[in-house]
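> Bring the two chains, given one by one in their own frames, into a single complex with the hints.
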Amino acid sequence: MEEKKGSISRRKFLGNTAAIGAVTTLGVVGLANACSNETKKKVIIPVPSDQAPDGPTLKAGLIGCGGRGTGAALNFLNAGSNLEIHALADIFQDRIDDTKKELKEKNDVEVPEENCFLGFDAYQKVLDSGVDIVILATPPHFRAEQLEAAVKAKKHVFMEKPVAVDPVGARSIMASAKKAKVLGLSIVAGTQRRHQRDYLKTYEQIVNGAIGDIVSANVYWNGSQLWYRDRQPEWSDMEFMIRDWVNWIWLSGDHITEQHVHNLDVVNWFSGKHPVKAVGFGARHRRVTGDQYDMFSVDFIYDNDFHMHSMCRQINGCTNNVSEYVRGTKGYSNCRNTIWTPEGTEKWNYEYPLDENGEQMKNVKISPYDQEHIDLVTSIRKNEPINEGENIAISTMTAIMGRISAYTGKEVTWDEMMNSDIRLGPKTYELGKMDMEPHFHVPGSESKD
Amino acid sequence: MLPNKTILIALTGFVLGSVFISGSRKVFHLTSTDRFCASCHVHPQTHSSWKLSTHFDNPSGIIVHCVDCHLPPEGQGYLKEKAITGIRDLYGKLFKDSSEFNWEQKSLPEYAINHTYEISCKKCHQNLFPLQLSKDGDEAHLYYSEHEDELHCINCHLQVGHYSKDAIHAKNVSFGSVVTENEIIFTHPARIEKFENFTEYIPGSNVKFDMVAIPGGTFQMGSSPDQKAGQPNEKPVRAVKLSPFFIAKTEVTWDEYLSFYNATDSEGRTTDRSKKQNIDPDAITGATPPWGAPDQGWGTGTRPAITMTYHAAKTYCKWLSKITGKKYRLPTEAEWEYACRGETTGSYFFEGEPKDFKKKGIFGKIFSKNSDEIYQYINFIGSKIGKTIKSGKVKANPLGLQNMLGNVTEFCLDWYAPNAYEQYNKDTLINPSGPEKGTEHVIRGGSFKSRAENVRNASRDYTKTDKWLMTDPQMPKSIWWYSDCNHVGFRVVCEPENKTEQNK
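Heads up: the protein sequence lines correspond to chains A and B, in order. Under our numbering, the first sequence has 375 at position 375, and the numbering climbs by one with no breaks. For our numbering, add 449 to where a residue sits in the second sequence, where the first one is 1.
Simulated from the structure, these hints should not be mistaken for laboratory data. Some hints here could point you the wrong way.
BS3-like, lysine-lysine: derived pairs with alpha carbons at most 30 Å apart [stated by the list, open to error]: (1) A:K59 - A:K125; (2) B:K657 - A:K427; (3) B:K584 - A:K273; (4) A:K104 - A:K125; (5) A:K448 - B:K584; (6) B:K657 - B:K842; (7) B:K572 - A:K273; (8) B:K916 - A:K410; (9) A:K433 - B:K584; (10) A:K154 - B:K677; (11) A:K448 - B:K913; (12) A:K273 - B:K913.
If you anchor each label on the Cβ, the simulated ranges turn out as follows [what the hints assert, rightly or not]: (13) A:E234 - B:N576: 41 to 51 Å; (14) B:K584 - A:E234: 30 to 40 Å; (15) B:S583 - A:S445: 28 to 38 Å.
Computed from a predicted model, the values in this text were never measured in an experiment. Ideal placement from N, C-alpha and C gives every residue a C-beta, glycine not left out.
Just chain B, with the same shape it has in the complex (with noise of 0.2 Å):
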């Protein structure tokens, strides 16, 4: 099926035809099939996808071709970005491996809003408020019109060129809802002796996590202005005393937080009445149904939990406290820098600058230094990955932590502020959590969406709670699952009881 050296050297008289003599409409239509674009972009699935897809099969029995979608309407800047997009493809077709390329990725709403062009979408879909549009479509389509500038229509329609099976349109009631057999159950959680590492077990089910000890210790919190990729919401440093705290070895996987999803009881999920007569009234109501695939479609086990929100991250740590006996929280950011720099102080954990680790030119490739370090230790955007990946795949931190940086950000119990470290006083910082009050929390350690320069020890980012509710369709929006929001997770840390802290 490879094209030969004549469709080749075809291609290349195409794009140079398009360039410069946009006359010849034989060529230009030639050039627009659906085979002519399959004969080079031989994106493994793409295919047989759109064959699946309601746009090549529908009630009309209207067929949507590949430039209908993937170049913009004619007269609309059609030509030049055909023509950009031929030369790129061309130089992909012969310079790259097309193998290597991530196409799981790139069909991520983020990266198929490059190659797909709403006005396109638009030219055909003209009437936003068709009669037959359900209710739920006019809820939705009312949305889009207050706040057509942040969202194309691709944000919720992902699916409509190329069939996912894995995509829900719908609440999704039987997620999580793992049926395990034969399998140890653990009837106690660990029970803490002495200020050392322990494995915690979730009892009443078979799930369990490692916790790492920190000892308590001072570190300098944030960039020096020697360090160049620091940015200013990380300055100036301050020095911060911290108490002694276990922290979780990997992010909460999915294992851990859908024992927390299916042991508690929320509205939406619960169809037995009978198990409400005996409700305790201080039961910790838990999650209601997510809409659509939390998981993504990349499946759960020990993948870190993503896409619940801030209130269900920090719902679930009052869970488990209650079911351990013990006091689990997020972490402050000081905590979490602390942790994550085991007594370093560079711009990471192990060695090397960002601009090592930045993508580079063909001539970059030669000239710089060796970059496979980081890949051992960080699935970030450079990884290539695309996803979250799950946990024990990366080398520790030196305390032993995995998955500090990258894979996914984490929340914090701080509020967000962009000059907090301004606003705290000269002295040393005794346990610092952060502003008294704020609207957004401080996120940390950058996720496979990131850039090297944004998975360093001090980067600091935040939640950003309306973008990442922005295509939920649901009236209220949920409070328990992010709509638009795939890399943020958490990690758990737990507070040493005083006597412990006295055994140490």
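So here's chain A without its partners, still in its complex pose (with noise of 0.2 Å):
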């Protein structure tokens, strides 16, 4: 009973227990800190293996091969070793097709006929084919579905981001991902910076006050327009929709949420918390496609007032920049490499290997995408279940939130996010006829709910 009223809220507890990820000796380093203000133990972040342990074989299901499915397939492949691909899942069989194609170029890997299923109710037919893994990569809308169904076949799940495009969904992966806990699967989230060994370190000298207490951030996604389809006359409305899927509200979330969740998602774990309410902006000016904006102007405020400003932009020929930013009482950083003063002189970086040449690389030394695999088969064969689930559901939710607000032009808390009943998209799926015309969302002019 007192550890639940401790000064220490559970979600700032979830938040840097999932952090140190799978080594748990290390991670009741962690848990001491987080749980007493007084302790004031040094929180070690253990260097991720650059391959996972070897073990019995572990089958994985794709479901959703689109690019960035194939390409966690592979990502998975490279993990380690005694790692199968077992089964692929889409609606479209070209899809299938060039899953297939590629990973038979790339990593000599042949997937049976009888293990590809086509077809909306595909996923649940991978959950039956036998594998022990299922790499969910279908447009954000089908996600809490997939991992409500993954969670009840008892699989481990490694997960694309964004996990939910509205409240209903991001809540639906949160109770899946304490569920998940319960029974030991592991979950990993490809918010891959958390598997990023410069953001780790970095994330390691912050949690233990390099810039003292978080008192702002700043966010940034602004980049150039993302791709979009041109309809085939033989496409129906909801076969132009899925492929055309990252210009539709109800399939990606909106782009802030699609992708700008990465940089919310920083944030939130650096500060163990997620913000209570939003302001935002947003509109829409170059798109071609679908009913999304391209651009958003957000500010969150988190429960100490402090707050963050996210920003983020599909347009081409504009400032981009990616990245974050926090100050605290002490100094500031850019969350991934280096920890300045409040005067701006640098007091610490990140040190990157060195090449054959000698020189100092410019990125970590695993791939960070390759590194989420080989954390995920690392804790299924080392038995250390870690579970992001949550910690992405809340991120999600936080990008849902701003979007809202944007929409709406009105302010949104977290509070009414956790009781809205606002659900996106068709109740069922065929590939068939949609509501095509877009319905573009005009601040002041409608309700939150």
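The following block contains the structure:
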């Protein structure tokens, strides 16, 4: 009883322990720190392994054979020995064929035809096909339903970000993640910064007080236009939408959720909290298809009144910036590799490894996309479960809160999100007719629910 | 079945034993059996309701015993609590008559929390997210994990240990749909000819209620410095001048409220789609179906309507105005206090001060004044009824109004501010209606749950919207029904038309 009434919230506790990752023994050190302000034990973030330990064969099924899904399957195969891609699922045959071809060409892996499943319910067939792990890489709209089924089937999960497009979906992920945690299943999310060694070591500095208490943050994903598809005459409405999914709110959650969640997640991770409310702007200027905005600017407010300003834009020909920045009472950081004093003197930086010529590299040794899978397989083989499900659900919900504020022009609170029945998209799925009249949100003209 | 002297002696021995010789495992176990508990705790239905509950009969075949829920787990204060409750219960056994205990009241969540230990719930229920948990369960337990400090397991799971046939944990679609046969159905509302008491008829129903004419006048609102029980939010006293108005003799009854509920249409209640064809665009949308039992199983009829939200009460007034062609609304708090006082200036509209009516020990009872008077007028905590009473059961105030104090606390029109009276200017206020803005509304009069000091003429309280919706499992929470508030109702006022005033 006393524990739960302690000064550090459960969410903070979750944030910290999850960040500590797979290594249980070191996790305890961090826990002691998170639970008591007096104990000033240093939190040590272990350097993740370069490769997963050997062990019996682990079979993975890929659900969603798009570019990122196929990439994730290859990352999985790179993680260690005795790893197999056992089954594939998609709703389009050409996507399955492309993935099969790429796996064959790049890793000489053949997925037998009888393990390739087509359709909106194909994910269930993958779960029933004898896999140990599933990789969830469909458009985010489908994630909640698929994670729920995966946990019910007692599978370990790698899932791409974001994990939901609406509050109902985000809460479903939270509940599924909690169930997985109890069962000792591992869930790794595609927020790869949490698996990137430079970020991890910077986090270690900051959680041990290198910049004092966080007083403000800025996050950016100002980049160029993302892809879109031209509609083909033989495509149904649904097929066009799904092939063009990064442009449709109900499928992607809009780009503040789909892409910018990476940066929002970093500040949630570093602060061990989530915002309690948001007020934002957004607009659509240059987008070609779909119903999304192409820019957002949101003021997120955390519970001790520190603000995080978030900007994201998908428009060509503008100044680009994809980064995070946190300022604390004793300094500031780019979250990635450097810490400065309040006056601007560099006081710490991450030492990147040297290349063959003895030059310092600009990136971490192991690709963070591989690292995610190394960490997942390691956690399974060492029987030290990691569960990032709740963290990514919280960060996804953060993005959704910002989005709804921008669409409506109104302040949106975390409590409202936790009580909202907003659910986007159709209730049942078929490759048929859809309402294709885009409804562009106009701030000030609609209610929050 | 009543235990004899030998058992009483043995019990005394047990209590002393628990306190001083906590070593004896045998005594410890013997005194923790269900049979031992039942030997002294002569709760009339607890044993049988426990046997009907899921904590006795469930698919796992596990039986949960009295001490598993009603004491903390061993090693977490078990012995201490056992000793304390043992002494208390022994005292109750020897000096009190258990047939006088209000078991129904003690079963309300706010009382049950005091003798059910959440750490004990969680000792067995360690996993709040089992794989089998339903979608609704996911949402409810997520909500719980975000609000652990404010919630107890039994806020939602009250009946798991003691079965209640009245408990409903679902949308209550059939609530209030009573078939009335061979009754006079009123076709016309009352017509007001003069400014005098009248009886209103709700057209299309068999329901009528009395309205009392309150002449305009001036009074002192709030608590003067010499009134010791007065709270800071009742000060300073303000002179208030009010126009004449009518106010209902009683709180809005279930009969009245349900005639609105049944006459209006709303999502989730109307299954007959054809009804929606000729829908009047100005039709008032009524309440959605409640979750569970809004009447708490106490019954409807002439008991005051409870658990409807402030929004629902206002919608009721709007509907009543439309159907009667009059101007019904909630009273302002000034009107409410004026009508309650009926020209009296003390703490109550009868003789006495809160201190005369407070719960007293054995010596207080012997030496204090006779405190019977309050019981004739007010259903408050001291009445030990523990629930609402039907209208007409108490004596009226000087203006002929019943249950102004106690029974249920009543919604007022004003936004609540603790310093509302301070904000007013010093001149005589004419028909004041509170702050312009706010987040919660004034409620007045106290309820069956209130202590004597909180059922005074001047006592002020306010709605607590979030708290009162705490355990509503619906998403989003209802705007029509409070899940966690069973002590608030309302009473209507009617504004006389100008010509009626002239007739006066």
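> Hint by hint, note whether the structure agrees.
Going down the list of hints, with the structure as the test:
| no. | hint | verdict |
| --- | --- | --- |
| 1 | A:K59 - A:K125 | 14 Å, holds |
| 2 | B:K657 - A:K427 | 47 Å, violated |
| 3 | B:K584 - A:K273 | 26 Å, holds |
| 4 | A:K104 - A:K125 | 22 Å, holds |
| 5 | A:K448 - B:K584 | 23 Å, holds |
| 6 | B:K657 - B:K842 | 18 Å, holds |
| 7 | B:K572 - A:K273 | 28 Å, holds |
| 8 | B:K916 - A:K410 | 24 Å, holds |
| 9 | A:K433 - B:K584 | 29 Å, holds |
| 10 | A:K154 - B:K677 | 66 Å, violated |
| 11 | A:K448 - B:K913 | 22 Å, holds |
| 12 | A:K273 - B:K913 | 27 Å, holds |
| 13 | A:E234 - B:N576: 41 to 51 Å | 50 Å, holds |
| 14 | B:K584 - A:E234: 30 to 40 Å | 37 Å, holds |
| 15 | B:S583 - A:S445: 28 to 38 Å | 37 Å, holds |
Hint violations for this structure: numbers 2 and 10, all remaining hints satisfied.
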